[in-house]
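The lines below spell out each chain.
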Amino acid sequence: MYIYRSTIATLTMIMLPVLGGMWTLQAGILNISQEGAMLMAAFFAVLGSYIFSSFWMGLLFAILASLMINIIYAFFCINLRANIWVIGMALNILASSLTILLLKSVFGVKGSFTSSKIQQIPSLHLGNLGPLNAFLNDFSLVVWITIGLVLFFKYVDTHTTFGLHLKAAGKNWQALDTAGISSTLIRYESILINAVLVGIAGAYLSIGYLKLFNKDMSAGRGWIAVAAVIFGDGNFTWTLIATIAFGFMDALGISLQSYGLNSNLTLMFPYLAITAALIYQGVRSYRLKEKG
Amino acid sequence: MMERYKGLLIITVSFFLAIFIGGLLMLLYKVSPIDGYKEMVMGAIGNKFVLYSTLDRMIPILLTGLSIAISFHAGIWNIGAQGQLYLAAFVVAAMGVTFHGIPSMMYIVIGVSVGLVVGGIWAWIPGYLKVKYNVNEVVLTIMMNSIAVYFTLYMVNGPFRTTQGSLGATNIIDKGMWFKHLNPLSNLNTGVYVAIVATAVIVYLMVFSKYGYEWKMSRLNQRFAVYGGVDVKRNLMMAMVVSGMLAGLAGTLLVMGDYHRFLNGISPGYSWTGMILAMMVNYDPIGVIITSFIYAVMASGGLQMELMLNIPQELVQIIFVLSVMFVTAGYSVSNKMANRIQEEG
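As they're listed, the protein sequences go chains A and B.
When the letters of the first sequence are read in order and numbered with the numbering used here, they come out as residues 1 to 292.
When the letters of the second sequence are read in order and numbered with the numbering used here, they come out as residues 1 to 345.
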C-alpha cells in the first residue's frame, strides 16, 4: 500500500511537467528547462506560503516563478532561435544558484529552510469509503487536479482544433501560418500552459507533503519528465505509458531503500529502463526501415 | 575571419555587460562593486597559493569543455561528459585500492590509460547507437550520466566504502598512483602536465589537422561532407570517443591528483559548466582555454568574496548565466542583421 501511495505522489510530480512538455514538444520546442523551472517554483512556493501563511499564495508564487523561467526560455528559443541546450542548461544552473543565493539572503540559511508558518497544500478527505479508504482518501488536492488534467489533455489532444494546431506548429508551421494562424502564438501558448503545470508540480514538491525547501530538491524529476516526453515523441498514449513506468520505478527505488537496500542502485532503475526502451525503439525502427 | 572577430566582440561585450550587472547586484549587498571584484580577483590570483588553487579548479572545466567542444564541433551531441567523468574516476580509484606494489611510473601510466579507456567506452556506446541505429544520443547520454553517477554512488556506499571513517568515498589509492601535489596548500599536482599535453593534442587535432575541418563539415553539411569523400560515420565516432576520453581524463586526474580517492560529488557540475563555455565560444579550443581560466578565477574568487564581504558566492554563477544569455542574444541579433544586409544588398 505504501508503494501505491508513493507511486501516486511521484507520478503526480512527473505527470504535470510531462503533460506541459508534451504540448511544447508537439508545438516544436523540446523544453529542457523543466528541472530549473520546477526548482524555482518549489522555492517560491515556500516563500509565498511562508509570507502569507496561505498555500494559495504559495501556488501563485510558484506559478509566477515557473512563468519567469519559461518565458525567458520561450523568448530565446522562439524569437531568438537560440540553441535549446545552451539556454535550457543555463536556466537550470540559474535556478540552482539563484535558489541557494535566495536561501542565504532571504532566510539566512544554507541548504534547507522550513518553518511552521508555511501552510501545506491540503489533502482531500472524502469521508469513510470502507475498503477504498487507503486507495482514494487523503490524497493531496494536486493529485486530483492532475488526474483531471490528464483527462482534459486527452480530450483536447484528440477532439479540438487547438490540439491540431499544436501538432501543426511542430510538424508544418508554414502551413499553419498560411492558414492565418500564428505558429509563434501557438508555441507561446503551449509554453505558458507548461509553465503553469510545472509551477504546480514545483509547489507540490515543496509544500505538497512537506513544508520544506532543500537546495536542488527537484533531484532529477524534471529530467525524468523530459525523458518521458522525448520517449513519447508527442504521442499521448506512449508518453503516458512512459511516465507511469518511470514514476513507478522511481517510487519503487525509494521504497526499497526503506527496507535497507542501498538506494543508489534502485534509483538507477528508471534510467536503465529508459535507456533500454530507447535502444529497443531505435533498433526496432531501424529494422523496420531496412525491411520496408 | 570576420566571423571570428564578430564572435570575439560579442563575447567581450556580453561578458562586461554581465560583470556590470553583477556589480549592480553587489550594491544590493551594500558592497562597492570595485571592492567586490577586487576581492574576487585577489582571492583567485593574488598570491602563488591561491593561483595554484585556481589553476587546479580550471583543469576539470578545461578538459570537460574541450570534451564537449570536440564532439559538438563534429555535430554529435555528447551531453554525457558527467557520466564519463564519474565512471572513469571510479574505475581508476577502484583499481588504485585493489592492486598494490606496481612500480610508480608504470602505475601512473596504467592509471591514466584505464581512465581514458573507460571514458572512451562510455562515450562509444551512445556514439555507436547513434551512428548505427540513429538513437537520439542526447537523451541516451543524459540517461547514461544518471546510470554512471548512481552506480558509482552505490559502489562507494557499498562494496568499495572506505574503511577509514564514514565518508561517502573509497579508501586512499595506492601511493604509487599519486600525482604529487606541487605545494601543501593547494591541490594542484603534477597531473597538470598531463592536462597540458592533452590540451595541446586537442588544439592540434581541431585547429591544425584535417580532422578539425572534416568534423566541421560533418556538422554543417553532412551531404556535402560525404560528397567530398569524408567518412562521416568514422569521424563522428572518433569525435565521440575522443570526447569521452577527455571527460574520463578529467575524472582520472581528480582521483589520481587532487583527492587520491573517489568521493561523492567529485565533479560538482564541472561538465555542465564546460559544456556552456564550449558553446559560448562556438567550440573553439583556444576560446575554451581562455574562458575556463576566467571562469575558474571567478569561481575560486567567489569563495573569498563570500568570506570577506558576505556576498553569496552563487552570484558568480548568476553573472555567468547572464553572460551566456547576452552572448546567445548577441549572436542571434547579429545573424539577423547580417541576413538583412544580404537581402538589401
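Any given hint could be a false lead.
Result set (SDA-like, lysine to any residue): computed pairs, CA atoms no more than 20 angstroms apart in a straight line [said to hold, decoys possible]: (1) A:Lys167 to A:Ile145; (2) A:Lys154 to A:Ala276; (3) B:Lys132 to A:Ala276; (4) A:Lys110 to B:Ala18; (5) A:Lys289 to B:Lys233; (6) B:Lys30 to B:Val13.
Keep in mind the hints are simulated off the structure, nothing from the lab.
**Asked** Against the structure shown, which of the earlier numbered hints fail to hold, in ascending order?
**Response** 1, 2, 4 and 6
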